[in-house]
Structure formats: structure tokens, C-alpha cells
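Enquirer: Order-wise, the sequence lines are chains A and B.
Count along the first sequence starting at 1, add 12, and that's the number in the numbering used here.
Count along the second sequence starting at 1, add 340, and that's the number in the numbering used here.
One thing to keep in mind: the hints can contain errors.
[What the hints assert, rightly or not] Far from chain B, some chain A residues (derived; all Cβ distances over 12 Å):
#1 48
#2 82
#3 135
#4 189
#5 196
#6 199
[Stated by the list, open to error] Now the stretches of chain B that chain A is said to cover, found in silico as 3 or more residues with beta-carbon under 8 Å:
#7 353-360
#8 387-394
#9 449-455
#10 459-472
#11 491-499
#12 514-524
#13 533-539
[Said to hold, decoys possible] Chain A regions said to be covered by chain B (calculated; three or more residues, Cβ under 8 Å):
#14 35-44
#15 60-69
#16 141-149
Derived by calculation from the structure, the hints in this document are not laboratory data.
C-beta: ideal position from N, C-alpha, C; glycine also.
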Amino acid sequence: MDMKDGVTAPMRIRADLAICEHCDSVHRRGALAPGEAADCRVCGATLYRRSRLDVDAMLALTLAALIVFVLANAAPIVTMQSGGVTTRGWLMTIVASAWDHGVGPVAAIAAGTVFLFPLAQLALYLFVLLAVKLPARPRGFVAAMHGLRWLRPWSMVEVFLIGILVSIIKMSSLARVTAEAGLWGFGVLTILLTALSTFELRELWDAHDA
Amino acid sequence: MPDDSLIPRGAALGLTGCEACGLVVEHAAADAPCPRCGSRLHARKPDSLTRSWAYLVAAFILYLPANLLPVLHSSKLFKEWSDTIMSGVVSLWNDGSYDLAIVVFTASVVVPLLKMGALALLLVQVQRGSAHLPRERTRLYRILEFIGHWSMLDVFAVALLIALVHFGSLANAEPGAGIVAFGAVVVLTMLATMSFDPRLIWDATRIPARRATDRHPT
Numbered sequence: 013m014d015m016k017d018g019v020t021a022p023m024r025i026r027a028d029l030a031i032c033e034h035c036d037s038v039h040r041r042g043a044l045a046p047g048e049a050a051d052c053r054v055c056g057a058t059l060y061r062r063s064r065l066d067v068d069a070m071l072a073l074t075l076a077a078l079i080v081f082v083l084a085n086a087a088p089i090v091t092m093q094s095g096g097v098t099t100r101g102w103l104m105t106i107v108a109s110a111w112d113h114g115v116g117p118v119a120a121i122a123a124g125t126v127f128l129f130p131l132a133q134l135a136l137y138l139f140v141l142l143a144v145k146l147p148a149r150p151r152g153f154v155a156a157m158h159g160l161r162w163l164r165p166w167s168m169v170e171v172f173l174i175g176i177l178v179s180i181i182k183m184s185s186l187a188r189v190t191a192e193a194g195l196w197g198f199g200v201l202t203i204l205l206t207a208l209s210t211f212e213l214r215e216l217w218d219a220h221d222a
Numbered sequence: 341m342p343d344d345s346l347i348p349r350g351a352a353l354g355l356t357g358c359e360a361c362g363l364v365v366e367h368a369a370a371d372a373p374c375p376r377c378g379s380r381l382h383a384r385k386p387d388s389l390t391r392s393w394a395y396l397v398a399a400f401i402l403y404l405p406a407n408l409l410p411v412l413h414s415s416k417l418f419k420e421w422s423d424t425i426m427s428g429v430v431s432l433w434n435d436g437s438y439d440l441a442i443v444v445f446t447a448s449v450v451v452p453l454l455k456m457g458a459l460a461l462l463l464v465q466v467q468r469g470s471a472h473l474p475r476e477r478t479r480l481y482r483i484l485e486f487i488g489h490w491s492m493l494d495v496f497a498v499a500l501l502i503a504l505v506h507f508g509s510l511a512n513a514e515p516g517a518g519i520v521a522f523g524a525v526v527v528l529t530m531l532a533t534m535s536f537d538p539r540l541i542w543d544a545t546r547i548p549a550r551r552a553t554d555r556h557p558t
């Protein structure tokens with residue numbers, strides 16, 4: 013192959029190769045067993061992987077996560093008892109109170125990273141995983157995949173969970189604070205979202221090519 | 341086992357990896373859409389250094405109000421006080437919650453500072469054309485990507501505090517401007533990390549790879 017004629021030669025897909033996104037090294041693709049990952053020999057980044065979970069398992073996880081998402085938002089996260097007054101806190105009351113107290117950006121961050129983005133992530137996962145099972149790629153598949161890639165770093169349920177735990181312990185010296193079902197819900201949701209994120213999106217792109 | 345330093349780079353072979361879907365495309369024109377996912381193909385993220393520096397400088401500037409301004413004004417009966425992030429850590433420590441003080445100190449003070457410092461180091465090294473320890477610097481970048489959002493912890497903690505304490509009868513808690521600045525620092529450092537292209541680290545080390553392209557059978 014002549015490498016000097018890159019300008020005039022036609023564009024060509026090289027499905028036999030993988031390029032490291034962190035150091036641009038070129039590798040030949042090989043077959044992987046479930047649970048295996050191919051790492052870049054030059055910089056150590058993961059080139060591509062094959063998840064232990066198949067698409068059906070992913071679908072089951074996504075549906076479970078959607079149910080848990082509803083429960084986590086419907087049930088209060090904590091209750092606080094102080095001076096005969098009991099206060100319950102839901103995710104939405106946290107967002108609303110941040111908004112009412114003049115810190116709109118905090119309300120927006122909490123609403124986005126703990127509610128909207130994880131919900132959008134789950135909805136897109138559901139769509140994309142069902143789409144992969146179809147013989148042809150349906151309309152909107154590409155946009156949904158881009159959406160998932162964009163959403164991934166901005167979904168912060170696990171950080172929210174630890175933040176709430178820190179806050180509960182902080183307040184325990186002032187009042188009686190108890191964790192409620194919603195907190196457990198967010199705990200389970202964290203586990204399910206983490207399991208879902210072990211599935212590389214690139215694997216889904218490749219699934220449709222095969 | 342072949343010498344790893346002889347593995348060629350895509351840029352040298354006229355191969356481009358799509359940043360969005362990972363497809364490898366040969367002879368792609370600059371900014372051509374990826375045949376699989378439609379993203380623009382480019383050998384390196386466009387204006388990576390400029391954009392990364394812009395976000396990073398903005399984050400550095402906001403880091404000052406984030407730490408100097410109070411994140412929480414509290415009152416209980418006739419006592420009023422304001423907490424900055426650091427004074428919150430100190431009071432946790434004094435209350436005897438050492439583990440919690442360490443968690444909050446790490447997530448809110450150490451991680452943002454280390455992140456900004458490390459990213460600045462990566463940017464400066466790339467601009468100086470350093471070929472020093474590329475593997476370690478790439479690993480550092482991966483760590484930055486991984487820990488980025490954990491600093492949002494204090495924002496959530498303060499948000500819950502405000503929501504619960506306000507409705508209680510004895511005490512009151514109002515958010516301070518520091519928490520907004522702090523949230524902005526976390527978002528800006530995340531954007532700065534995403535804008536950085538780790539492949540730039542390896543461009544300064546391309547001499548052995550150039551040689552490798554002559555020998556590598558394709």
C-alpha cells in the first residue's frame with residue numbers, strides 16, 4: 013500500500029483495524045471472549061472490549077434501572093425530626109429548595125445530573141438495545157448513540173448518593189436524621205448504572221456492523 | 341514479541357479513528373463525516389489546547405470565590421455563622437468525624453486542585469513538545485477523566501442541607517455564593533479535560549513511530 017497518496021485515494025473503512033483514542037496507535041483487531049478487553053500496547057488504554065453481558069441482559073438491567081429510578085424519586089430520601097417537626101426530603105424538594113433559595117445553578121446541576129440525564133440515559137439505552145435486535149438500524153439510532161456518549165460523564169447518581177450520605181452524617185449532630193427508601197433506591201440505581209456503563213457503546217456500533 | 345515502540349500511528353498511515361464510534365477510516369479528508377456515525381473525522385480534536393486552556397483558566401479564577409466565599413449561612417436560635425468549604429471540613433474534623441472530613445476534603449479541596457494542576461502540567465508539557473514519560477502522562481489523563489465529577493459531592497451535600505434545615509423550626513440554612521462558584525469549577529474542569537486531546541502527548545514522540553511506518557506491513 014502506498015501511503016503518500018492520502019489526498020487522492022478514496023475513503024475506505026478498515027474494519028480489521030482499531031486505533032487507540034488516547035495515543036493514535038494502530039492495532040489489528042482480533043476476536044475476544046466475553047469479559048475480555050484489548051488494551052493498547054503503547055499507552056495501556058482500552059481499545060475495544062466484549063462485555064460479559066449480552067444485549068438481553070443489558071435490556072433487563074435497563075428495565076430494572078427504570079423501575080428503581082421511579083421508586084428512588086417517588087420515595088423520600090431522608091426524614092429529619094427536629095423540635096417536633098418532621099421534614100421529608102425527596103430529590104425534587106432538594107431541587108426546588110435550591111431554586112427557591114436563589115441558587116438556580118445548583119438546582120439545575122442537581123436536576124440535570126441526578127434526574128434528567130440518568131433518565132435520558134436509560135430511555136436511550138432502552139431504544140438503542142432494542143434497535144440492535146432489529147435486522148436494520150432504525151431511524152434515530154445514530155442520534156441516540158451520540159446522545160448516550162454525550163450523557164455519560166454528566167450522569168452523577170453515585171456522587172449524589174455519597175453527597176447525601178455526607179450530609180446526613182453532618183446533620184445527625186443537629187437533629188434525628190433517618191435514611192428512607194429513596195436513599196436505598198439511589199444506592200441500587202448507582203449499582204445498576206455502573207453495571208450498564210461496563211458495556212462499551214462502541215460494542216453496540218460494532219454489533220450492528222456484524 | 342515485537343517492539344511496542346514500532347507500532348505505527350494512525351496519522352502516519354493516513355488512518356483516522358472516529359472519536360465518537362471508533363471506526364477506522366482510511367484516507368479520510370479533514371472534517372469529512374464518519375461513514376458510520378456522521379461525526380466529523382479529524383486526526384486531532386480541533387483547537388484542543390486553546391479550548392482546554394480557556395476552560396482551565398476560567399476554572400482557576402472561579403476556584404478563588406469557590407473557596408473564599410461561604411457555601412452555607414446557618415443560624416440556630418440567636419447564633420449565626422457562615423461556612424466555607426474549608427471551615428466545613430475543619431468543623432467535621434473537630435466534631436470527631438475524621439473519616440467524613442477526609443472524604444469531603446479529598447473530594448472538594450484535593451481533587452479540584454490536583455485536577456487543575458495536573459491538566460495544566462499536561463498542557464504545558466504538550467506545548468513544550470516534551471517526549472518525557474508519555475505513557476505515564478496518558479495514564480494521568482485517564483485518571484483525570486475518571487475522577488472529574490466526584491467533586492460535585494459537596495454541591496449535593498449542601499443542597500440537601502438547605503432543603504431539610506430550612507423547613508425545620510429551630511435552625512435555618514441559606515446557601516452562599518461559594519457553592520455556585522464551586523459547581524462551576526467542577527463543570528469547567530470537566531469541560532477542560534474533555535477538550536484536551538491525549539494524542540497530542542504522543543505527537544512529540546513520533547520519531548520512532550515514523551521509522552516504524554516503513555517497516556510495518558499493511
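Enquirer: For every hint, state whether the structure bears it out.
Expert: Hint by hint, here is what the structure shows:
no.	hint	in the structure
1	48	holds (17 Å)
2	82	holds (20 Å)
3	135	holds (19 Å)
4	189	violated (8 Å)
5	196	holds (16 Å)
6	199	holds (14 Å)
7	353-360	holds (count 7)
8	387-394	violated (count 0)
9	449-455	violated (count 0)
10	459-472	violated (count 0)
11	491-499	holds (count 8)
12	514-524	holds (count 6)
13	533-539	holds (count 3)
14	35-44	holds (count 5)
15	60-69	violated (count 1)
16	141-149	violated (count 0)
The structure is inconsistent with the numbered hints 4, 8, 9, 10, 15, 16, although it conforms to all the rest.
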